[in-house]
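Student: One-letter residues, chain by chain:
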Amino acid sequence: MENIKELIGELSSLDTASMYLEDFLLTWDKSLDQLKGVFITADILRAMRRNNISSRLYNSGLGVSLFRDKSTRTRFSFAGACNLLGLQVQDLDEGKSQISHGEIVRETANMISFMAEVIGIRDDMYIGKGHTYMVEVARAVSQGNAEVVLEERPTVVNLQCDIDHPTQSMADALHLINYFGGIDKLKGKKIAMTWAYSPSYGKPLSVPQGVIGLMTRLGMEVALAHPPGYEVMPEVEELARKNARESGPGGLFSRSESLAAAFKDADIVYPKSWAPFAAMEERTELYGRGDSEGIAALEEKLLAQNAQHQDWECTEELMKTTAGGKALYMHCLPADISGVSCKKGEVAATVFDRYRRELYIEAGYKPYIIAAMIYLSKVKNPAAKLSEQVEKSLKRKL
Amino acid sequence: MENIKELIGELSSLDTASMYLEDFLLTWDKSLDQLKGVFITADILRAMRRNNISSRLYNSGLGVSLFRDKSTRTRFSFAGACNLLGLQVQDLDEGKSQISHGEIVRETANMISFMAEVIGIRDDMYIGKGHTYMVEVARAVSQGNAEVVLEERPTVVNLQCDIDHPTQSMADALHLINYFGGIDKLKGKKIAMTWAYSPSYGKPLSVPQGVIGLMTRLGMEVALAHPPGYEVMPEVEELARKNARESGPGGLFSRSESLAAAFKDADIVYPKSWAPFAAMEERTELYGRGDSEGIAALEEKLLAQNAQHQDWECTEELMKTTAGGKALYMHCLPADISGVSCKKGEVAATVFDRYRRELYIEAGYKPYIIAAMIYLSKVKNPAAKLSEQVEKSLKRKL
Amino acid sequence: MENIKELIGELSSLDTASMYLEDFLLTWDKSLDQLKGVFITADILRAMRRNNISSRLYNSGLGVSLFRDKSTRTRFSFAGACNLLGLQVQDLDEGKSQISHGEIVRETANMISFMAEVIGIRDDMYIGKGHTYMVEVARAVSQGNAEVVLEERPTVVNLQCDIDHPTQSMADALHLINYFGGIDKLKGKKIAMTWAYSPSYGKPLSVPQGVIGLMTRLGMEVALAHPPGYEVMPEVEELARKNARESGPGGLFSRSESLAAAFKDADIVYPKSWAPFAAMEERTELYGRGDSEGIAALEEKLLAQNAQHQDWECTEELMKTTAGGKALYMHCLPADISGVSCKKGEVAATVFDRYRRELYIEAGYKPYIIAAMIYLSKVKNPAAKLSEQVEKSLKRKL
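Sequence lines, in order, name chains A, B and C. Here my numbering is used: the first residue of the first sequence is 160, the next is one more, and so on. Here my numbering is used: the first residue of the second sequence is 160, the next is one more, and so on. Here my numbering is used: the first residue of the third sequence is 160, the next is one more, and so on.
Incorrect hints may have been included.
Put simply, identical chains are the same to the list, so a pair is met inside one copy or across any two.
[Claimed, not checked] Here are the simulated BS3-like pairs of lysine-lysine, each with C-alpha atoms no more than 25 Å apart in a straight line:
1) 539 - 554
2) 423 - 401
3) 164 - 195
4) 401 - 551
5) 556 - 164
6) 423 - 344
7) 346 - 556
FYI, nobody ran anything at the bench for these hints, they're computed from the structure.
All chains should be built: construct the whole structure from the sequences, respecting the hints.
Tutor: Structure (structure tokens):
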């Protein structure tokens, strides 16, 4: 309990007031104080739950979820976060809804929002589409609120778009903060965000982009590595470079086509498959034209291209080259584990298994990160409200 | 807050006691006092939410939803209403359930109702089926309750059937009441409920039927207009005629085949596509026989028939002929907007856009209308209970 | 209310403490005191609801449901039970989730459990799979909890597996207890658990297995009867035999191939179709190999085999041979009713109809049985907590 009060003290020293009523779409839209506010609030909410203190904010209200791609962990994280704050999840299933009848975004956004406090969206399939869609929804509910159509403006939370995956990268970062013992301990630490081979196709770029876009804010040395042709979005690479420059001593960003160079002396490694950006752009166009032959041909081409880089695997040998041979292995899960979930994949089974517990802990931050994003958007003075809740100590489990 | 107490005072002067434990299937089953009770209760619940007062009635309980047709806004309205009162929605998805195994209605109705406080049903696809199904469900849970199989009898709420769409027409009417400044202001106002061209097929008749069945109760001049062959159910037309006769001075019902005549001097226009009643009857039979060739042929015939009436569009020219050129444009949404959602549709884009905000406000009444229907069925003395809730002022957002 | 306090007194005299933090997978894993604890707790929760006393245990928390087979009544029972205790259901739909991407059980079990208090699983399709899967999930969340990945360990509740269907058999038994006026009244009563003809194919064996595995614990005379070839799992038959031997005077288990012998002087009859165990094993293998021709051939063979036993029907003539001609007819529903849901089925329409109310009451125990299983797993001293809740008398309906 002492710990909770200390954390609330820290939170109150940060400038997070401007998050009130704002969305969370991209980490690079947020100030460092705001990001720290999310980390600390997530830790506070977790500590409250551990101490059986309810952090319920609402006696009624909906949390709308809109998943345009398959999801287990993000779906459950969003549901858990909403439930923790007293909101009931209502899924907008486009198969069942009139969106399939050609309804426009603005109208739908308002129609689902009369009782909504938050809208969580996952739309990561097509380059140039996901973030744009979220901005459209955000604009629609802002207008609806300004026109007094919506009595409350629901907060839009990005549960993964084509550009960023903030609930993932923030959960990853909070894991690092607690693993290494504080956000200041991350300064100068080297993280290798690398491509890795997978026998599957078309994985989104938002995880590597989210990681390089966020970790460069925290004064880390970020080494991006991938085979030729697997570039991420140039704007995000540029942003990472700029972030690193501005992050003070220790901050660095580099890009290479060498897995070995990235792993060398790394404190943290994050090897993960993704699709080439250019191919994803091509796919978006093919889907736009409904060219199913083209899509099939592209898939075949990409799988063949992947297969040329089967040596991009996180092996025990590579792990030995990291700092003290003990870099922290990270992954957003599920990973393609060689000999387990596929013949040859992103990571050797022994490496994965040694870090399995840490990977699960990493994933476990996500519901609290999402809840913190909502909390800071919904409460004007979050430190005061959290203090009040801790003081009252309404039990979560009666 | 003064306003809320005034509204509760009004509510207490109405004879709504007989709504206790009753379903809401058709507006014409309800007395005028009962309808007014729903309008006022909806406004009270909305005002309570605006003033951050919880209207939670339950600490546990299920709201069962059964949608036999696609739905976004009604689904979210029902979810929002249930959540506002403290009920958790559980969807009966017939694809996943054993209904698809040939289970009979009575049994299913009881099996889903052990913990249910309300059952919301949408079943609008086939003439002669939807209302009948709801009555069957209502009878089943009545019997279950009488036999002490069900400790509580869930209230059945019609979320759209083949005959009526009370949550829509009541939300429409409440919009009119608040737009024009009171239910008495509607007396003598002319509303044009007209067919409009749509390139899509088989839209239900329950919206126009619900509107003419309800608005004729409120002393309005209701002008129904449609091309030849697009008659609504004769019983409902007869009922509208009778309602109008009994509604006192200013009350009128007329039917014509002229869009221009209906719009002329109208205070409100509601142009909307629907399928011909006779064709819907034919379709019901074809589906009953599983005659897929017949269904395809009927669809083609109906689209061709629709296409002969592309001039039934709500244009700026027509709007100019309404009262002061400023009739209130209404629609249950989504509308077929010419040049936006289709090449040629129900309404000109400029007309739709000018009334967009009003249309969204109109839609925003639906969750409160549904919540009010449930509230009046579940609480013996609603004015007293609402007073108590306002007095206590449990916060909705803590 | 006196009654509730009496029941709580009874509960406190039972040794149920060891259920705390334990799963409920098979009734035969539980002591007689533990089973009695579930029955009494279910009756207490039902009485509390009747007296409008909330039994809410949580201010937040998820109840995860995983249905690998169609379900209406069990789905709604689980939802109702979770809701009664304050948990929000989140469905793990494998079609929508990444399980379909080959994710392993241990990982998924942890990923869905960060905020979960209970996981309800239905997996009854394949012999040798369902129970095994539940054990795997249980082990995974135990490990996750031990590794402090999961702050709380969710309780796993078997909502039907290949071996047992404890929420069904326990609801059945509670119905018998209340019907006959006490658990002691069941001693020496004869129950006929018999196969019955159905024109459908592949019904799970878990209901008859669950019934013979449980009722033999209660000192009943259990007569299992089926045509040749319709044996249940030999381990379960063996277990039933052993249970009966150990259950004291009056306890008996017999197996025959005569419907008439089983019904003769029975106090209770439970005629129900199921698939032959050997055929279910074969089907599991065929599905494993993806042999769709083999599956179709097996189905045809099984339907033909079923059709040879159309005389295995619960007729009025057979009912006359039961004790006083008035045996209690039971079924887990939905039943195949001759002349109603099929031409010829498990039971004559007049028999079914005479017992319809009792059948619905039987089904109505299931939500309370599930809630009781969760309650006893989540509360260290359930009698004290229930006393406290009754004392406080928080209203369920405000």
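Student: Are the hints correct? Go through all of them and say.
Tutor: Here is what the structure says about each hint:
no.: 1; hint: 539 - 554; result: both (23 Å within a copy, 16 Å between copies)
no.: 2; hint: 423 - 401; result: within (23 Å within a copy, 64 Å between copies)
no.: 3; hint: 164 - 195; result: within (16 Å within a copy, 45 Å between copies)
no.: 4; hint: 401 - 551; result: neither (45 Å within a copy, 55 Å between copies)
no.: 5; hint: 556 - 164; result: both (21 Å within a copy, 23 Å between copies)
no.: 6; hint: 423 - 344; result: within (20 Å within a copy, 75 Å between copies)
no.: 7; hint: 346 - 556; result: neither (39 Å within a copy, 39 Å between copies)
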